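S.K.: Heads up: the protein sequence lines correspond to chains A and B, in order.
Each residue of the first sequence is one higher than the last, beginning at 21 in my numbering.
Each residue of the second sequence is one higher than the last, beginning at 7 in my numbering.
It should be emphasised that the hints constitute simulated quantities derived from the structure, not laboratory data.
Computed from a predicted structure; not experimentally measured.
Any given hint might turn out to be false.
[Said to hold, decoys possible] In silico EDC-like links for lysine to aspartate or glutamate, alpha-carbon gap of 16 angstroms or less:
1) B:K86 - A:D259
2) A:K335 - A:E308
3) A:K292 - A:E118
4) B:K62 - A:E319
5) A:K358 - B:D75
6) B:K30 - A:E260
7) B:K30 - A:E68
8) B:K86 - A:D254
9) A:K51 - A:D147
10) B:K30 - B:D75
11) B:K30 - A:D259
12) B:K78 - A:E294
13) A:K358 - B:D46
14) B:K86 - A:E260
15) A:K279 - B:D75
16) A:K252 - B:D75
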Amino acid sequence: MKLFTRYNRINLFATVIIFLLSGLAFYFLLKYVLIDQVDEDLKIEQHEIQTYAGKYHQLPEIIPVRDQRTGYMPVGKDGGERQFTSIWLKDTIEKQPELFRQLIFYITVNNQCYRVTVRKSLEGTDDMIRSIVTITLATILLILVVSFFINRLVLKKLWQPFYDSLAAMQQFELGKNKRPQFASTNIEEFSIMNETLSQATAKAHEDYRYLKEFTENASHELQTPLAIIRSKLDVLIQDENLSESQSRVVQGAYEAIQKLSRLNQGLLLLAKIENGQYTETATINVSEKINVKLEQFGELTASKGLRVTTAMDEKAVIEANPELFDILVNNLLSNAIKYTPESGNINIIVEEGLLEISNSAASAALDESRLFRRFAKSGSAKEGIGLGLAIIRQAAEVSGFETRYVFEEEQHHFLLITDKN
Amino acid sequence: MANDKLLDLTRMEYDLLLYFTGNKNRVISKGAMAEHILGDNMDTAGNYDFLYTHIKNLRKKLLQAGCPDYIKSVYGLGYKFTV
Chain A
21 MKLFTRYNRI
31 NLFATVIIFL
41 LSGLAFYFLL
51 KYVLIDQVDE
61 DLKIEQHEIQ
71 TYAGKYHQLP
81 EIIPVRDQRT
91 GYMPVGKDGG
101 ERQFTSIWLK
111 DTIEKQPELF
121 RQLIFYITVN
131 NQCYRVTVRK
141 SLEGTDDMIR
151 SIVTITLATI
161 LLILVVSFFI
171 NRLVLKKLWQ
181 PFYDSLAAMQ
191 QFELGKNKRP
201 QFASTNIEEF
211 SIMNETLSQA
221 TAKAHEDYRY
231 LKEFTENASH
241 ELQTPLAIIR
251 SKLDVLIQDE
261 NLSESQSRVV
271 QGAYEAIQKL
281 SRLNQGLLLL
291 AKIENGQYTE
301 TATINVSEKI
311 NVKLEQFGEL
321 TASKGLRVTT
331 AMDEKAVIEA
341 NPELFDILVN
351 NLLSNAIKYT
361 PESGNINIIV
371 EEGLLEISNS
381 AASAALDESR
391 LFRRFAKSGS
401 AKEGIGLGLA
411 IIRQAAEVSG
421 FETRYVFEEE
431 QHHFLLITDK
441 N
Chain B
7 MANDKLLDLT
17 RMEYDLLLYF
27 TGNKNRVISK
37 GAMAEHILGD
47 NMDTAGNYDF
57 LYTHIKNLRK
67 KLLQAGCPDY
77 IKSVYGLGYK
87 FTV
């Protein structure tokens, strides 16, 4: 949910509650004031009757008026204080129930006590209240609608620098030279945020560059001592006086050094890819490249008894750096061959914009979120340097391709999407 | 050609023979041989089984061509092409 949508909802909810409460209060206050007004009129009527009776010693004649009804009833004794009540009575003409305000008081004329009832219709008052409430509700609704749209527009405009910064940050990728550009804003908070983000991204970029340089330099520096160790071990294994146990130790050391060398080369390759050393592109026929690679791996696949099937669009071409694409295809195929159990299947599909290499699975589905990370090996991973898939992803990203992994029908599927459209 | 006979070798067997002749009378580790044949794809094989197969086949073809058994196993280390 967007911030201003949430703000608008809260704002709208609070406004509606406040308006409803104030509307109710307004309604009851208005009703009280208007009834009080009618009560005052009834008091005047009482006063007029009492004045008339005092002056002429008789009750005034009842004149029928639509909105007012007066009645006298002789009673045995005075009923006490006057009483104001509201009462529903039938309209004499329309025969509909109608609300009246009623005043009952007692008056003694010529030693006869009378109960006087004066009623005034509240229909006019109700009409007025209804009109006022309708106008008030309409005004509230109008205010709410206008406030909603104004808030929406104003908030959208106010928060625009934030969304611009967010979009710039979403484009930001460590390792790429393009730094996020933040538009200048005169809102202080956003200006501080942009400045902080600029500093943070610059720091991250610098740290990343130092780290990359360190990895690259360390890899370069390691090459010479590794080569020396290898050559020394090579000399050592020529010694015919080595015992069996010594030979095993030397062989172990030799293999470890060999693995370290490969790891080093892998890291150097990654550094080269990241540094953008593979920029020149050419049009490459994908199926031709696959066929060349399959021939290179032919003896290896045959020795494992693997069945390789292909479904390739021979016209499918891509624009990529030839060396990088060679590394990509090589690693994908090498990976498939390595992890396919003996006598398993490897299927290759080449379409315009897609290269898919799938192989029989010796294990369950792999965790895609970790799969393409450096040194992230699955539990069943055989001895390897743990950089193969990281190199694939890096090479794909640099080439503008996308890599995906899918586990389906007991097969690992590695997809290289060369045309994201 | 071996003893005037044409040897029918696979690419890997040929690579192995070249590597052996270039390092004759030297102990060559299995790792070095695998690396020479597969290069960057050394990990693809997963183990040295493919190497044993190819060396066995190469040895057999050399013997069939009338050559002495040049390829000697060096226990725990690798092989030696003795001439």
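S.K.: Does each hint fit the structure? Answer for all of them.
M.R.: Consistency of the hints with the structure:
1. B:K86 - A:D259: Holds, at about 12 angstroms.
2. A:K335 - A:E308: Holds, at about 9 angstroms.
3. A:K292 - A:E118: violated, 93 angstroms
4. B:K62 - A:E319: Within the cut-off at roughly 14 angstroms; holds.
5. A:K358 - B:D75: violated, 32 angstroms
6. B:K30 - A:E260: This hinted pair holds, its Cα atoms lying about 15 angstroms apart.
7. B:K30 - A:E68: Violated: K30 of chain B and E68 of chain A sit about 142 angstroms apart, past 16 angstroms.
8. B:K86 - A:D254: Given pair K86 of chain B, D254 of chain A holds - Cα atoms ~13 angstroms apart, limit 16 angstroms.
9. A:K51 - A:D147: holds, 11 angstroms
10. B:K30 - B:D75: This hinted pair holds, its Cα atoms lying about 13 angstroms apart.
11. B:K30 - A:D259: holds, 15 angstroms
12. B:K78 - A:E294: Given pair K78 of chain B, E294 of chain A is violated - Cα atoms ~45 angstroms apart, limit 16 angstroms.
13. A:K358 - B:D46: holds, 13 angstroms
14. B:K86 - A:E260: Between K86 of chain B and E260 of chain A the Cα gap is close to 11 angstroms, so the pair holds against 16 angstroms.
15. A:K279 - B:D75: Violated, at about 31 angstroms.
16. A:K252 - B:D75: Roughly 28 angstroms separates the two Cα atoms, so the pair is violated.
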